[in-house]
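Participant: Position one of the sequence shown corresponds to residue 70 (my numbering), numbered consecutively onward.
In case anyone wonders, no lab produced these hints; they're calculated from the structure. Just so we're clear, the structure is a prediction, and the values are computed from it rather than from any experiment. Any given hint might turn out to be false.
[Said to hold, decoys possible] Between beta-carbon pairs, the in silico distance windows are:
#: 1; residue 1: Phe151; residue 2: Leu130; range: 27 to 37 Å
#: 2; residue 1: Gln161; residue 2: Leu141; range: 28 to 38 Å
#: 3; residue 1: Thr179; residue 2: Leu141; range: 36 to 46 Å
#: 4; residue 1: Thr154; residue 2: Gln175; range: 24 to 34 Å
#: 5; residue 1: Trp150; residue 2: His188; range: 55 to 65 Å
#: 6; residue 1: Gln175; residue 2: Gly210; range: 28 to 38 Å
#: 7; residue 1: Asp172; residue 2: Thr198; range: 30 to 40 Å
#: 8; residue 1: Glu217; residue 2: Thr195; range: 53 to 63 Å
#: 9; residue 1: Asn196; residue 2: Gln175; range: 23 to 33 Å
By construction, the Cβ of each residue, glycine as well, lies at the ideal position given by its N, Cα and C atoms.
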Amino acid sequence: MSQNVYISNQELDRGERVEMVVDIYESADTVRGHETNTELEDTRTKRIIQTQHSGIRCYKLTVVCLGLLCVLLLAAIIVLWFKFTTERDQLQTSNINLTRERDQLQTSYTNLTRERETHQLQASNTNLTSERDQLQKERDGFYRKLSELGSGYVDNYTVMTGYSSDPVQN
């Protein structure tokens, strides 16, 4: 049997008004002396206490699981940080080595370019020198033929061209 008792708008000693609702649950069997349903009530009370304890256990288990997950997450972060740091150091070392190799290749390229230009200039100089020598021989040959033909023609040639018939003077 359930009985509701309402106490409303009572004035308290301090002059405040408060509305209060009080539920009173009474069982006829419990009033008579706790005879028949005592075991049933004890079972209900045990169930409520067990339910409360199992609820607390669930919360404790949840907290422990979350704690373990946090520890695992922290361990994973530390491992990944060490791996990242190691890989970053390796990449920096590789970058330094590649930069040095690039600089060496650039130096080699510059030296090879200079050598090629030097060889080209030497070859061009050799060709020009041999061409000059050949032209001088032809000129000397023309002067000899001219001197064989006669000195009259040589004097006219010298006057017209400004060159003397003597190859040493030119």
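Participant: With reference to the structure, classify each hint as holding or not holding.
Facilitator: For each hint, the structure was consulted:
A C-beta distance of roughly 32 Å is found between Phe151 and Leu130, which places it inside the suggested range of 27 to 37 Å. At about 30 Å, the CB distance of Gln161 to Leu141 agrees with the hint of 28 to 38 Å. About 57 Å separates the C-beta atoms of Thr179 and Leu141, a value inconsistent with the hinted range of 36 to 46 Å. At about 32 Å, the beta-carbon gap between Thr154 and Gln175 stays in the expected band of 24 to 34 Å.
A hinted range of 55 to 65 Å for the beta carbons of Trp150 and His188 is consistent with their spacing of about 57 Å. Between Gln175 and Gly210 the C-beta distance comes to about 52 Å, which lies outside the given range of 28 to 38 Å. For Asp172 paired with Thr198, a C-beta distance near 38 Å keeps the hint of 30 to 40 Å intact. Between Glu217 and Thr195 the beta carbons are some 33 Å apart, a value that contradicts the proposed interval 53 to 63 Å.
For Asn196 paired with Gln175, a C-beta distance near 32 Å keeps the hint of 23 to 33 Å intact.
Figure legend: structure checked against the earlier numbered hints; hints not met, in rising order: 3, 6 and 8.
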